[in-house]
Amino acid sequence: MSAIEHAAKATGKPEHQPEPPRIPLLIKGKNESPAASGRGSGKAGRGFLGTIAQLPKRVFQTVFRVVPYPTKAGLIRIGKPGRSSPVLVTTNYDLTVRRVCRALKGLDCYLLVAPAAGIDVWCAATGGRFTIDSIISVLKTTGIGQLVDHRRLILPQLSATGINIFELRKRSRWSAVFGPVRAEDIPEYLATRRRPESMIRVTFSVQERLEMATAMWGSLSLRYTLFPCLIFGWKTAPWFVLVLAVLSFAIALGCFTLPGKTFVQKAGFLGLPGVMCLVGTLLFPWHPGMFFVIEWTVLTLFASFLVGTAFPSYSPLWACGYSKLFYGACDLRLAVVEDQCIGCRICDLVCPVECFTLTSNRKMIFADPEICVGCGACLIQCPTDAIINEVADEHRLETAHG
Amino acid sequence: MCALRPVVIEQIAHWWKESLDGAGQAGQVLAPADVSEIAARFHCSEEEAIRGLSVGEHLYWGGGQ
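For the protein sequence lines, the chains are B and R, in the order given. In my numbering, each residue's number is its place in the first sequence (first place is 1) plus 9. In my numbering, each residue's number is its place in the second sequence (first place is 1) plus 9.
Treat the hints with care, as some may be off.
Using C-beta positions, here's what the derived DEER-type ranges look like [as the list claims (entries may be wrong)]:
| no. | chain 1 | residue 1 | chain 2 | residue 2 | range |
| --- | --- | --- | --- | --- | --- |
| 1 | R | Glu55 | B | Leu262 | 43 to 53 Å |
| 2 | R | Gly36 | B | Lys114 | 18 to 28 Å |
| 3 | B | Glu197 | R | Gly36 | 19 to 29 Å |
| 4 | R | Gly36 | B | Gly137 | 33 to 43 Å |
| 5 | R | Gly36 | B | Asp142 | 30 to 40 Å |
In case anyone wonders, no lab produced these hints; they're calculated from the structure. Only a predicted model underlies this, so the values are computations on that prediction, with no experimental measurement involved. Even for Gly, the Cβ is constructed at its ideal location relative to N, Cα and C.
Just chain R, same shape as in the assembly (with noise of 0.2 Å):
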């Protein structure tokens, strides 16, 4: 597995989060990411992608206070 990249994986959580967040505020329901799209438009890894969307998810469904 190469290396993971913070800085990709920061960059797509949080754009993840404001897609979700702009969704939920317009009353949608954001049809599952396609994580081989991401990767290509971040220029990175699926992994990355991946782990990027999964935070991101995390930041807006598991947040803390």
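Okay, chain B solo, but in the shape it has when bound (with noise of 0.2 Å):
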């Protein structure tokens, strides 16, 4: 029987709907709504004292929002979904937890969320932490093929860098397809199956940027003040901190007009202050206010290279290497193998900024390089191996010639 016959028996929805099963980890109720089990838009159930204790909790997510915050991993149902309901899935970072319940609200739907050490989409699927044995454990726990007709999930965009959508339908035998970037943009396409421009690529807003700024100088004071404070004391932390918060906000809105390639370059320009204070020490030794010199310029070269070298850790940039994130090289040159290449545009589906463009012969071309922030996304994801590294090629070169 082939797959459309088979699939002509299957439609719709059965005429017998066996009751669902006992989920064991079911966080929320049978059909309650996000609100209501504190997850989601927040309205129910909460009112103002609720609101209030919520409080210190988003405030410490925003300041430290590097620091891992793990909710319970496991299943979410939306509104009331049915069996052939979408089945969303999601990290068990408890901010992308409720951003997503939130952008979910007026749906049903299931939302799956996987174990990946409390950490965002991105950075957890990057960094190992969110993997096909993160998605396979939560589908099995969870039982969710027991409530759904259909084999699909939608996975966030960004997980593409680590999850092989092959492998995972070779070993759970559920497909997946990538869904937008933004939880906010899942409604949408959910309804038009479709994804723009806009839902696929990675932009920051303003206020992105300033929040990151304060996640940024909120978890960099908490890890690195105490260096400081053992060399010249403490009544140096407030300082420190406070040089930490002024290269974090100018480095966030600054961006684009500072120069230097990378951040690190950035930041070390506005570091040169601390470089002329450097020189003037060396220059003048005997100065009476030589101590309070020394003390400033390690201050600002210190809090200029870790704000420098910690900014683009909040994207994969880390998973490229030390000579990106310094110097601008990229560890990944791509080519697109144009025989292999069938056109299904997945490269360019998965692709954060941009890097490919469809040619009139329908292949795939590595259009933009200078953009590509290497997350290799594009590598994990070609269906053919069209896409190949040419510094791990040229790397294997080297080493079979000695």
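Hints are included, so try docking the two chains, each in its own frame, into the full complex.
See the structure below:
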């Protein structure tokens, strides 16, 4: 029996609707709205006192966003999902889950929260925390296969850096497609099955840059204030935190105008006053304020190094190595083997920055290597292995020739 | 792993996408495809069948504008 014939028999809603099985990891009660379980829009059952109670958590998640904040992995029912309702997947980062639930309000679907060490989708997928194993784990523990007739998962697009959809299908028998980058676009995507450019590419608004700067300032202050204090004493702490704040916000807002190709170079430019102080100290070592100058030199240089290296770590640049981080030289130099390309555009549809272009003969070309962030999503997802990394090939040749 | 044949993957992808289109227009829900059945139908490996089906799903569900 062909798939089509088989499909004709398995269409529509089945005549006999079996009772939903018990779900061991059901986060929310049956047909419970996201808000009622303390997730999602947060309107019902909480009120003013609930909002106040949630405030410390929200402040913590804004200021210390880079600190993993896991929530329980499992299944969330949104609205009143049926047997053909879509099944979406996200990671168990509390902030992400809340935002996705809020975006899905009014829809009927399932949301699988996969274990990923409480990290957001892009970082977890790139860093190897959100994997096929995570998805298989949540598929099995929630028993979602017994609740729906189809076998299709909608993954967040930014998980493409770590989850190979072919391997996922092979191991789990569930097919997967990539949805939009942002949770807010999911309702439109589900309604139209189309992802325009605005749903595929990653951009950051001013508000998001400010959020990022706040998060960076908070996490860097938390992790590194101790070090200057050990050298210069505790009174240095507020000054170091202040320098971190100034540098974080300056880079977040001035990333397009500051000189330099990478964030490290831009932060280095902002740290120039520290270098000048260092030169001044070397030229006038007998100056009475020398200790003060040395202190500020160390603070400024240390803070600019931290901010410069930490900012790109919010994206998968770390996966590219230090040459990308410091000099902007990407370890990936991609090329498309024309004979193997079938023009399916998956590479373009998982690319967060639009590196690829479809030619008139329906072949993809790696058109804009300058803007490539080196996430490697296209390499992983190409169904015909038509995308190659020339840097890796050169390295292999060098190794072979000894 | 044997070499992947792009032509076969493309054929399966378009076939599956058209199947999904047809089922969608008829208001039906396609049952999950049997990989070995499709591999036999297209005389290809299961790896190629899986990739073709995944591309077909993507053409149907994850397409651009």
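Tested hints:
1. Glu55/R to Leu262/B: 43 to 53 Å: 52 Å, holds
2. Gly36/R to Lys114/B: 18 to 28 Å: Check passed, 26 Å falls within 18 to 28 Å.
3. Glu197/B to Gly36/R: 19 to 29 Å: Holds - the Cβ-Cβ distance for Glu197/B and Gly36/R, about 21 Å, lies within 19 to 29 Å.
4. Gly36/R to Gly137/B: 33 to 43 Å: 41 Å, holds
5. Gly36/R to Asp142/B: 30 to 40 Å: 36 Å, holds
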